[in-house]
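Kindly generate the complete structure, drawing on both the sequences and the hints.
So in the working numbering, spot 52 of the sequence shown is number 52, and the numbers just go up one at a time.
Read the hints as simulated data drawn from the structure, not as lab findings.
Idealized CB from N, CA, C, for every residue including glycine.
Possibly wrong hints are sitting among the right ones.
[Claimed, not checked] Derived DEER-like restraints, expressed as beta-carbon distance ranges:
1) Gln59 x Val16: 35 to 45 Å
2) Thr6 x Met44: 20 to 30 Å
3) Gly7 x Ala54: 35 to 45 Å
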Amino acid sequence: MNSQYTGIVQRVKPGVRGAHSRAAPYPGENGLTWHHHPEREGVMQLIPRAQHKAGGNVQHTLHPGKRGGMENWGGGR
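Here it is as structure tokens:
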């Protein structure tokens, strides 16, 4: 991923207080977004935004039963 998104490692490192930024390190349509894992509470995955928004089988895999991890683990919309 570092070859496609230069400096990604630096952008996802925790800050001086040990917290991670809530913002995706590469925002925008061609960037990345955080994905709440649907079955593993507290697990976040950094994935391409286009993949996160894709339909069909990709959407069923990322959001089984049309539910996302954010909805499952708290903070749903």
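Results for each hint:
1. Gln59 x Val16: 35 to 45 Å: holds, 37 Å
2. Thr6 x Met44: 20 to 30 Å: Between Thr6 and Met44, where Cβ atoms are some 21 Å apart, the hint holds.
3. Gly7 x Ala54: 35 to 45 Å: violated, 25 Å
Checked against the numbered hints given earlier, the structure breaks only hint 3 and satisfies all the rest.
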